[in-house]
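Construct all of the structure, not just a fragment, from the sequences and the given hints.
Every letter in the sequence shown is one number past the one before it in my numbering, and letter 112, counting from 1, is 112.
Just so you know, these hints were derived from the structure itself, not from any lab. Accuracy of the hints is not assured; some may be wrong.
Derived DMTMM-like pairs (lysine to aspartate or glutamate); straight-line CA-CA distance at most 25 Å [what the hints assert, rightly or not]:
#, residue 1, residue 2
1, K118, E29
2, K118, E18
3, K5, D45
4, K164, D83
5, K118, E131
6, K164, E103
7, K118, E26
8, K164, D7
9, K164, D67
10, K135, D7
11, K118, D54
12, K164, E30
DEER-style ranges, computed between Cβ atoms [claimed, not checked]:
#, residue 1, residue 2, range
13, L123, T34, 34 to 44 Å
14, D48, R81, 32 to 42 Å
15, R166, S108, 32 to 42 Å
16, K135, S41, 31 to 41 Å
17, A88, H158, 19 to 29 Å
18, D7, L121, 41 to 51 Å
19, A50, N82, 24 to 34 Å
20, A99, A119, 25 to 35 Å
21, A119, G22, 17 to 27 Å
22, E112, D48, 28 to 38 Å
23, K135, E26, 31 to 41 Å
24, S6, S108, 31 to 41 Å
25, V21, K135, 34 to 44 Å
26, P10, N128, 19 to 29 Å
In this text the structure is predicted, and so the values were computed from the model without any measurement. Beta carbons are placed, not taken as given, at the ideal position from N, Cα and C, and that holds for glycine.
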Amino acid sequence: MNPLKSDEYPAIYSDYIENVVGPVMEELEEQLLTFPEFIRSIPEDMGDYAYAEDKWTIKEVLCHILDTERVMAYRALRFARNDMTELAPFEQDEFVQNARHNERSFESIVEEFSYLRKANLILFQTFNETELARKGMASGRLVTVKAFLYVIAGHLTHHRIILKERYLNNENVEHVGNLV
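See below:
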(Lines of atoms letter the chains of each structure in order from A and count residues from 1; the text may use other names and numbers.)
(Lines give C-alpha, C1' and ligand atoms only; values in the text may rest on other atoms or scores of the structure.)
Protein backbone atom coordinates (compact mmCIF):
# COMPACT_ATOMS: atom_id res chain seq x y z
CA MET A 1 0.00 0.00 0.00
CA ASN A 2 1.34 3.41 -0.94
CA PRO A 3 1.91 5.91 1.90
CA LEU A 4 -0.92 8.27 2.80
CA LYS A 5 -0.54 11.84 1.52
CA SER A 6 -1.86 14.95 3.23
CA ASP A 7 -4.18 15.74 0.30
CA GLU A 8 -6.06 12.46 0.87
CA TYR A 9 -7.82 13.57 4.04
CA PRO A 10 -9.17 16.70 5.74
CA ALA A 11 -7.28 18.30 8.62
CA ILE A 12 -9.96 17.19 11.09
CA TYR A 13 -8.53 13.64 10.85
CA SER A 14 -4.88 14.68 11.31
CA ASP A 15 -4.61 13.82 15.00
CA TYR A 16 -5.88 10.30 14.38
CA ILE A 17 -3.75 9.74 11.30
CA GLU A 18 -0.62 10.93 13.10
CA ASN A 19 -1.16 8.14 15.66
CA VAL A 20 -0.40 5.55 12.96
CA VAL A 21 3.37 5.10 13.06
CA GLY A 22 3.88 2.11 10.78
CA PRO A 23 2.11 0.36 7.93
CA VAL A 24 -1.60 0.81 8.59
CA MET A 25 -2.62 -2.79 7.87
CA GLU A 26 -0.01 -4.04 10.34
CA GLU A 27 -1.30 -1.62 12.97
CA LEU A 28 -4.91 -2.71 12.40
CA GLU A 29 -3.85 -6.35 12.77
CA GLU A 30 -1.78 -5.60 15.88
CA GLN A 31 -4.73 -3.83 17.49
CA LEU A 32 -6.84 -6.94 16.91
CA LEU A 33 -4.50 -8.72 19.34
CA THR A 34 -3.65 -5.99 21.85
CA PHE A 35 -6.90 -4.07 22.25
CA PRO A 36 -8.89 -7.02 23.64
CA GLU A 37 -6.05 -7.56 26.16
CA PHE A 38 -6.28 -3.91 27.14
CA ILE A 39 -10.05 -4.09 27.66
CA ARG A 40 -9.73 -7.29 29.70
CA SER A 41 -7.18 -5.57 31.96
CA ILE A 42 -9.82 -3.05 33.11
CA PRO A 43 -11.72 -4.16 36.23
CA GLU A 44 -15.37 -4.85 35.33
CA ASP A 45 -16.61 -2.62 38.15
CA MET A 46 -14.98 0.38 36.44
CA GLY A 47 -17.12 0.14 33.31
CA ASP A 48 -19.50 2.89 34.44
CA TYR A 49 -16.68 5.18 35.60
CA ALA A 50 -16.31 8.66 34.08
CA TYR A 51 -13.43 10.87 35.19
CA ALA A 52 -15.60 14.01 35.25
CA GLU A 53 -19.22 15.07 35.06
CA ASP A 54 -20.61 15.06 31.51
CA LYS A 55 -17.84 12.76 30.26
CA TRP A 56 -18.49 9.35 28.76
CA THR A 57 -17.99 6.24 30.87
CA ILE A 58 -15.29 3.72 30.04
CA LYS A 59 -17.85 1.44 28.38
CA GLU A 60 -19.22 4.37 26.38
CA VAL A 61 -15.73 5.23 25.14
CA LEU A 62 -15.08 1.61 24.16
CA CYS A 63 -18.38 1.32 22.31
CA HIS A 64 -17.77 4.70 20.65
CA ILE A 65 -14.60 3.16 19.20
CA LEU A 66 -16.72 0.32 17.79
CA ASP A 67 -19.36 2.67 16.37
CA THR A 68 -16.71 4.85 14.76
CA GLU A 69 -14.95 1.88 13.18
CA ARG A 70 -18.26 0.66 11.78
CA VAL A 71 -19.11 4.09 10.31
CA MET A 72 -15.64 4.65 8.83
CA ALA A 73 -15.56 1.14 7.32
CA TYR A 74 -18.98 1.76 5.76
CA ARG A 75 -17.73 5.00 4.28
CA ALA A 76 -14.63 3.24 2.94
CA LEU A 77 -16.78 0.54 1.36
CA ARG A 78 -19.09 3.05 -0.32
CA PHE A 79 -16.23 5.03 -1.82
CA ALA A 80 -14.19 1.92 -2.76
CA ARG A 81 -17.19 0.71 -4.76
CA ASN A 82 -17.18 4.08 -6.53
CA ASP A 83 -20.38 5.30 -4.87
CA MET A 84 -19.94 9.06 -4.93
CA THR A 85 -23.06 9.86 -2.90
CA GLU A 86 -22.16 12.41 -0.25
CA LEU A 87 -22.40 10.79 3.18
CA ALA A 88 -23.97 12.52 6.16
CA PRO A 89 -22.08 13.47 9.32
CA PHE A 90 -21.69 11.02 12.17
CA GLU A 91 -23.12 12.49 15.39
CA GLN A 92 -21.06 10.65 17.99
CA ASP A 93 -22.80 12.13 21.03
CA GLU A 94 -26.21 11.07 19.73
CA PHE A 95 -24.89 7.56 19.10
CA VAL A 96 -23.69 7.32 22.71
CA GLN A 97 -26.85 8.88 24.18
CA ASN A 98 -29.09 6.50 22.25
CA ALA A 99 -27.30 3.28 23.12
CA ARG A 100 -27.16 1.19 26.26
CA HIS A 101 -23.40 0.74 26.44
CA ASN A 102 -23.25 0.66 30.23
CA GLU A 103 -25.49 -2.44 30.27
CA ARG A 104 -22.83 -4.44 28.44
CA SER A 105 -19.98 -6.51 29.80
CA PHE A 106 -16.40 -5.89 28.80
CA GLU A 107 -16.32 -9.38 27.34
CA SER A 108 -19.24 -8.60 25.00
CA ILE A 109 -17.38 -5.48 23.86
CA VAL A 110 -14.23 -7.54 23.24
CA GLU A 111 -16.23 -10.08 21.25
CA GLU A 112 -17.86 -7.40 19.10
CA PHE A 113 -14.54 -5.65 18.49
CA SER A 114 -12.88 -8.91 17.47
CA TYR A 115 -15.58 -9.83 14.95
CA LEU A 116 -15.84 -6.29 13.61
CA ARG A 117 -12.09 -5.87 13.16
CA LYS A 118 -11.66 -9.30 11.55
CA ALA A 119 -14.44 -8.54 9.06
CA ASN A 120 -13.00 -5.12 8.30
CA LEU A 121 -9.50 -6.51 7.79
CA ILE A 122 -10.84 -8.99 5.25
CA LEU A 123 -12.68 -6.17 3.48
CA PHE A 124 -9.68 -3.82 3.52
CA GLN A 125 -7.40 -6.53 2.09
CA THR A 126 -9.65 -6.71 -0.98
CA PHE A 127 -9.05 -3.05 -1.86
CA ASN A 128 -6.46 -2.46 -4.57
CA GLU A 129 -4.50 0.78 -5.02
CA THR A 130 -7.14 2.22 -7.38
CA GLU A 131 -9.91 1.59 -4.86
CA LEU A 132 -7.82 2.90 -1.95
CA ALA A 133 -7.21 6.13 -3.88
CA ARG A 134 -10.89 6.79 -4.60
CA LYS A 135 -12.31 9.89 -2.95
CA GLY A 136 -15.73 10.83 -1.73
CA MET A 137 -17.50 13.41 0.40
CA ALA A 138 -18.25 12.50 4.02
CA SER A 139 -19.42 15.11 6.51
CA GLY A 140 -18.82 17.76 3.86
CA ARG A 141 -15.15 16.80 3.49
CA LEU A 142 -13.26 15.08 0.68
CA VAL A 143 -11.45 11.92 1.85
CA THR A 144 -9.91 8.80 0.31
CA VAL A 145 -10.72 5.20 1.12
CA LYS A 146 -7.15 4.70 2.36
CA ALA A 147 -7.50 7.58 4.81
CA PHE A 148 -10.40 5.81 6.51
CA LEU A 149 -8.11 2.88 7.34
CA TYR A 150 -5.72 5.29 9.04
CA VAL A 151 -8.59 7.03 10.84
CA ILE A 152 -9.84 3.70 12.20
CA ALA A 153 -6.40 2.70 13.51
CA GLY A 154 -5.50 6.15 14.83
CA HIS A 155 -8.90 6.76 16.44
CA LEU A 156 -8.56 3.59 18.50
CA THR A 157 -5.05 4.62 19.60
CA HIS A 158 -6.30 8.12 20.45
CA HIS A 159 -9.01 6.79 22.75
CA ARG A 160 -6.77 4.15 24.30
CA ILE A 161 -4.40 6.95 25.34
CA ILE A 162 -7.31 8.95 26.77
CA LEU A 163 -8.53 5.91 28.69
CA LYS A 164 -5.07 5.35 30.19
CA GLU A 165 -4.38 8.99 31.02
CA ARG A 166 -7.77 10.28 32.15
CA TYR A 167 -9.71 7.24 33.28
CA LEU A 168 -7.25 4.64 34.44
CA ASN A 169 -4.39 6.58 35.98
CA ASN A 170 -3.55 6.01 39.62
CA GLU A 171 -4.69 9.49 40.66
CA ASN A 172 -8.27 8.77 39.57
CA VAL A 173 -8.50 5.11 40.43
CA GLU A 174 -6.70 3.35 43.24
CA HIS A 175 -7.44 -0.27 42.34
CA VAL A 176 -6.32 -0.30 38.71
CA GLY A 177 -3.71 -2.95 38.11
CA ASN A 178 -1.07 -3.16 35.44
CA LEU A 179 -2.87 -2.03 32.27
CA VAL A 180 -1.69 -3.34 28.95
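Comparing the hints with the structure gives:
{"no.": "1", "hint": "K118 x E29", "result": "holds, 8 Å"}
{"no.": "2", "hint": "K118 x E18", "result": "holds, 23 Å"}
{"no.": "3", "hint": "K5 x D45", "result": "violated, 43 Å"}
{"no.": "4", "hint": "K164 x D83", "result": "violated, 38 Å"}
{"no.": "5", "hint": "K118 x E131", "result": "holds, 20 Å"}
{"no.": "6", "hint": "K164 x E103", "result": "holds, 22 Å"}
{"no.": "7", "hint": "K118 x E26", "result": "holds, 13 Å"}
{"no.": "8", "hint": "K164 x D7", "result": "violated, 32 Å"}
{"no.": "9", "hint": "K164 x D67", "result": "holds, 20 Å"}
{"no.": "10", "hint": "K135 x D7", "result": "holds, 11 Å"}
{"no.": "11", "hint": "K118 x D54", "result": "violated, 33 Å"}
{"no.": "12", "hint": "K164 x E30", "result": "holds, 18 Å"}
{"no.": "13", "hint": "L123 x T34: 34 to 44 Å", "result": "violated, 21 Å"}
{"no.": "14", "hint": "D48 x R81: 32 to 42 Å", "result": "holds, 40 Å"}
{"no.": "15", "hint": "R166 x S108: 32 to 42 Å", "result": "violated, 23 Å"}
{"no.": "16", "hint": "K135 x S41: 31 to 41 Å", "result": "holds, 39 Å"}
{"no.": "17", "hint": "A88 x H158: 19 to 29 Å", "result": "holds, 23 Å"}
{"no.": "18", "hint": "D7 x L121: 41 to 51 Å", "result": "violated, 26 Å"}
{"no.": "19", "hint": "A50 x N82: 24 to 34 Å", "result": "violated, 42 Å"}
{"no.": "20", "hint": "A99 x A119: 25 to 35 Å", "result": "violated, 20 Å"}
{"no.": "21", "hint": "A119 x G22: 17 to 27 Å", "result": "holds, 22 Å"}
{"no.": "22", "hint": "E112 x D48: 28 to 38 Å", "result": "violated, 18 Å"}
{"no.": "23", "hint": "K135 x E26: 31 to 41 Å", "result": "violated, 24 Å"}
{"no.": "24", "hint": "S6 x S108: 31 to 41 Å", "result": "holds, 38 Å"}
{"no.": "25", "hint": "V21 x K135: 34 to 44 Å", "result": "violated, 24 Å"}
{"no.": "26", "hint": "P10 x N128: 19 to 29 Å", "result": "holds, 24 Å"}
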